[in-house]
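Asker: Chains A and B are the protein sequences, given in the same order. Just so it is clear: in the first sequence, position 72 is 72 by my numbering, and no numbers are missing. Just so we're on the same page, my numbering is the position in the second sequence counted from 1, plus 1000.
Since the hints were derived computationally from the structure, they do not count as laboratory data. Being a predicted model, the structure only gives us computed values, none of them experimental. Where is the CB? At the ideal position from N, CA and C, for every residue including glycine. Be aware that one or more of the hints could be misleading.
[To be verified] Here are the simulated SDA-like pairs of lysine to any residue, each with C-alpha atoms no more than 20 angstroms apart in a straight line:
{"#": "1", "chain 1": "B", "residue 1": "LYS1005", "chain 2": "B", "residue 2": "ARG1072"}
{"#": "2", "chain 1": "B", "residue 1": "LYS1115", "chain 2": "A", "residue 2": "GLU19"}
{"#": "3", "chain 1": "A", "residue 1": "LYS26", "chain 2": "A", "residue 2": "GLU79"}
{"#": "4", "chain 1": "B", "residue 1": "LYS1027", "chain 2": "A", "residue 2": "GLU19"}
{"#": "5", "chain 1": "A", "residue 1": "LYS42", "chain 2": "B", "residue 2": "LYS1005"}
{"#": "6", "chain 1": "B", "residue 1": "LYS1090", "chain 2": "A", "residue 2": "ILE28"}
{"#": "7", "chain 1": "B", "residue 1": "LYS1035", "chain 2": "A", "residue 2": "ALA43"}
{"#": "8", "chain 1": "A", "residue 1": "LYS42", "chain 2": "B", "residue 2": "ALA1023"}
{"#": "9", "chain 1": "B", "residue 1": "LYS1035", "chain 2": "A", "residue 2": "GLU24"}
{"#": "10", "chain 1": "B", "residue 1": "LYS1027", "chain 2": "A", "residue 2": "ALA86"}
{"#": "11", "chain 1": "A", "residue 1": "LYS9", "chain 2": "A", "residue 2": "ASP95"}
{"#": "12", "chain 1": "B", "residue 1": "LYS1027", "chain 2": "A", "residue 2": "ASP64"}
{"#": "13", "chain 1": "A", "residue 1": "LYS26", "chain 2": "B", "residue 2": "ASP1037"}
{"#": "14", "chain 1": "B", "residue 1": "LYS1115", "chain 2": "B", "residue 2": "GLY1033"}
{"#": "15", "chain 1": "B", "residue 1": "LYS1027", "chain 2": "A", "residue 2": "SER82"}
{"#": "16", "chain 1": "B", "residue 1": "LYS1116", "chain 2": "A", "residue 2": "ARG40"}
{"#": "17", "chain 1": "B", "residue 1": "LYS1035", "chain 2": "B", "residue 2": "LYS1090"}
[As the list claims (entries may be wrong)] Coverage of chain B stretches by chain A, computed from C-beta distances (three or more under 8 angstroms per stretch; other residues unrestricted):
{"#": "18", "segment": "1057 to 1063"}
{"#": "19", "segment": "1076 to 1085"}
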Amino acid sequence: MSPLELAQKLNLSILNEGEGADRELKGIYCCDLLSIVMGRAKADDAWITVMGNLNSIAVAVLADTGCIILSEGMQLDAEAASKASAQGVCVLSSDLPTFELSRKIAEAAGL
Amino acid sequence: MSILKLHYEIDGEDFTRAGEASASVKKRLRQLGVKPDATRKVSIALYEGEINMVIHAHGGDIDVEISPEAVRMVLADRGPGIENIDQAMKEGWSTAPDEVRSLGFGAGMGLPNMKKNSDEMQIETVLGKGTTVTMAVYL
Ligand SMILES: Nc1ncnc2c1ncn2[C@@H]1O[C@H](COP(=O)(O)OP(=O)(O)OP(=O)(O)O)[C@@H](O)[C@H]1O
Ligand SMILES: [Mg+2]
């Protein structure tokens, strides 16, 4: 399932569409500490985090995650939003806590 | 593919630009048709090194050499140096200040990630003078 299909299915907010229509999510990864994400997340994972700053966008690009999904109602700051748009990173968000959100994504996307 | 040399100056004050050198190298590797696995290894290793230069060493210089055999990276800074390399290499060891921890850094996983994602890695450091990290990822 692509990040955009997932957003439609679960009613997630689309903060930046980026490559969201073209990527295929293959797993889910949850963590907020960036170098742990760098070491453990896999390419094409849906990365769930509360970190909506510039560095999260860089990590998503370099670790090649399928999208970023901000949980707990977190938002992108302005610099991060413009970087996400420049780099084509799909960023979604939800008010749900991380565990609830992960559970729903796992169900919806069959992951 | 002939040998391609790239040079980046890393600004130690500007957090908003940290990661740009790594993103630029990643883009070049993609254009050159380097395999996604190797591209990802270079991206991760280089980003961790680039961020360390910004957080711990007030910036520095990055040189990248792309040949058909390998991507070789040299990250040289004039920061404080690393007192104990064995300790710094341990997962979880970090001296990152609170203001960067609140941005998501400071897990103490950067150097271990660099080791894990490179095929060769060497650290030369002199206290008070600076640190040079050399890494290679085979293609
Ligand atoms: N270029 C450098 N100059 C000086 N000290 C460094 C440099 N790189 C790393 N260090 C030291 O080594 C420690 C471990 O580095 P490492 O990258 O593994 O973790 P970190 O940067 O503290 O946190 P993380 O990378 O997980 O966000 C750092 O906290 C710092 O004390
Ligand atoms: Mg680090």
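Asker: For each hint, tell me whether it holds in the structure or not.
Answerer: Now for the hints, and whether the structure bears them out:
For the given pair, B:LYS1005 sits about 10 angstroms from B:ARG1072 by alpha-carbon distance, which is consistent with the 20 angstroms threshold. Restraint check for B:LYS1115 and A:GLU19: the C-alpha separation of about 30 angstroms exceeds 20 angstroms, so the hint is violated. The hinted pair formed by A:LYS26 and A:GLU79 fails the criterion: a straight-line CA distance of about 28 angstroms is larger than 20 angstroms. For the given pair, B:LYS1027 sits about 15 angstroms from A:GLU19 by alpha-carbon distance, which is consistent with the 20 angstroms threshold.
Proximity of A:LYS42 to B:LYS1005 is assessed by CA-CA distance (about 29 angstroms); at most 20 angstroms being required, the pair is judged violated. A threshold of 20 angstroms between alpha carbons decides the hint, and for B:LYS1090 with A:ILE28 the separation of about 27 angstroms lies outside it, so the pair is violated. Between the alpha carbons of B:LYS1035 and A:ALA43 the distance comes to roughly 13 angstroms, so the proposed pair stays at or under 20 angstroms and holds. Simply put, A:LYS42 and B:ALA1023 have alpha-carbon atoms about 17 angstroms apart, close enough for the 20 angstroms limit, and the pair holds.
With a C-alpha separation of about 18 angstroms, the suggested pair B:LYS1035 and A:GLU24 falls inside the 20 angstroms cut-off, and the hint holds. A C-alpha spacing of about 13 angstroms is found between B:LYS1027 and A:ALA86, which places the hinted pair at or below 20 angstroms, so the restraint holds. About 15 angstroms separates the Cα atoms of A:LYS9 and A:ASP95, which keeps this hinted pair within 20 angstroms; it holds. The suggested pairing of B:LYS1027 with A:ASP64 holds, with an alpha-carbon distance near 12 angstroms, which does not exceed 20 angstroms.
For the given pair, A:LYS26 sits about 16 angstroms from B:ASP1037 by alpha-carbon distance, which is consistent with the 20 angstroms threshold. As the CA atoms of B:LYS1115 and B:GLY1033 are separated by approximately 24 angstroms, the hinted pair breaks the 20 angstroms bound. Simply put, B:LYS1027 and A:SER82 have alpha-carbon atoms about 18 angstroms apart, close enough for the 20 angstroms limit, and the pair holds. Proximity of B:LYS1116 to A:ARG40 is assessed by CA-CA distance (about 11 angstroms); at most 20 angstroms being required, the pair is judged to hold.
Only pairs whose Cα atoms come within 20 angstroms are accepted, and B:LYS1035 paired with B:LYS1090 is rejected, the gap being roughly 29 angstroms. Counting residues of the segment 1057 to 1063 of chain B whose beta carbon lies closer than 8 angstroms to any beta carbon of chain A gives 0, which falls below the threshold of three, so the coverage claim is violated. Remark: the segment 1076 to 1085 of chain B is not confirmed as covered by chain A, as 0 of its residues place a Cβ nearer than 8 angstroms to a Cβ of that chain, below the required three.
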